[in-house]
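Numbering (the numbering used here) for the sequence shown: 1 to 198.
Mixed in with the good hints there might be a few duds.
So the derived label-pair ranges between C-beta atoms look like this [what the hints assert, rightly or not]:
#1 A80 <-> D122: 35 to 45 angstroms
#2 A123 <-> G143: 38 to 48 angstroms
#3 Y121 <-> Q57: 14 to 24 angstroms
#4 D142 <-> I111: 24 to 34 angstroms
#5 Y121 <-> P66: 33 to 43 angstroms
#6 A146 <-> S95: 39 to 49 angstroms
#7 L139 <-> R118: 14 to 24 angstroms
Don't read these hints as lab results, they were simulated from the structure. None of the values given here were measured: they were computed from a predicted structure. Each residue gets a CB set at the ideal place from its N, CA and C atoms; glycine is no exception.
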Amino acid sequence: MARFPLGIAAAALLGFTTLPATAQDFGGWSFDPGALVADGRELLMRAPDASIDGLFQAVHASARSPQDARTLCTLFDPDAPRSLEGYNRIATQLSEPSRVRFANAATDFFIAAAQSPRQPYDAALATQALKAAGVRAALLNDGFLAGLSGGDHDARCRSVGWLIDAMASRPVAERASVMRLLLSQGIDYLSTGAGAPR
Numbered sequence: 001m002a003r004f005p006l007g008i009a010a011a012a013l014l015g016f017t018t019l020p021a022t023a024q025d026f027g028g029w030s031f032d033p034g035a036l037v038a039d040g041r042e043l044l045m046r047a048p049d050a051s052i053d054g055l056f057q058a059v060h061a062s063a064r065s066p067q068d069a070r071t072l073c074t075l076f077d078p079d080a081p082r083s084l085e086g087y088n089r090i091a092t093q094l095s096e097p098s099r100v101r102f103a104n105a106a107t108d109f110f111i112a113a114a115q116s117p118r119q120p121y122d123a124a125l126a127t128q129a130l131k132a133a134g135v136r137a138a139l140l141n142d143g144f145l146a147g148l149s150g151g152d153h154d155a156r157c158r159s160v161g162w163l164i165d166a167m168a169s170r171p172v173a174e175r176a177s178v179m180r181l182l183l184s185q186g187i188d189y190l191s192t193g194a195g196a197p198r
């Protein structure tokens with residue numbers, strides 16, 4: 001469960017957090033790879049839990065909209081674009097309310113991170129919290145594991161939605177810890193060149 005869809009999710013979420021950086025491109029929606037790699041880790045470690053949870057809430061709200069859920073789910077397909085430009089193209093397909101939510105959450109994230117000291121963070125505890133959310137999703141939803149690891153687009157999309165719902169039921173500090181883990185993995189994914197255009 002851990003590597004395939006969650007690594008892609010991390011990269012996608014990272015892309016959404018960089019939206020204010022170069023908003024003049026793509027009709028107001030763009031990503032700045034230099035800022036992402038150079039500053040992403042430090043900002044991530046400084047952002048308070050509430051600002052990181054704001055990013056999660058933006059994802060959760062979009063995942064509950066059928067139109068936006070379909071758009072987000074394309075990020076989890078094996079042939080999804082693995083570049084910041086590709087993620088940007090997908091982001092432009094989100095509804096206006098979702099784009100506004102992501103822009104507001106990203107702005108809050110950047111402002112709060114710039115004004116805050118480093119926050120406590122334990123990657124091992126975050127991993128356990130993520131696994132616990134997966135177990136909860138599996139217990140509550142038949143077909144969760146098969147959908148998450150299988151090749152059926154619709155089943156994978158449902159499973160990712162169930163995982164997001166399971167995370168939504170957890171306390172803010174736990175959600176923020178999981179988001180910090182995923183975003184950190186996403187920075188690693190993109191900075192090693194795995195996100196370069198194919």
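Against the structure, the hints come out as follows:
| no. | hint | verdict |
| --- | --- | --- |
| 1 | A80 <-> D122: 35 to 45 angstroms | violated (30 angstroms) |
| 2 | A123 <-> G143: 38 to 48 angstroms | violated (30 angstroms) |
| 3 | Y121 <-> Q57: 14 to 24 angstroms | holds (19 angstroms) |
| 4 | D142 <-> I111: 24 to 34 angstroms | violated (42 angstroms) |
| 5 | Y121 <-> P66: 33 to 43 angstroms | holds (34 angstroms) |
| 6 | A146 <-> S95: 39 to 49 angstroms | violated (30 angstroms) |
| 7 | L139 <-> R118: 14 to 24 angstroms | violated (35 angstroms) |
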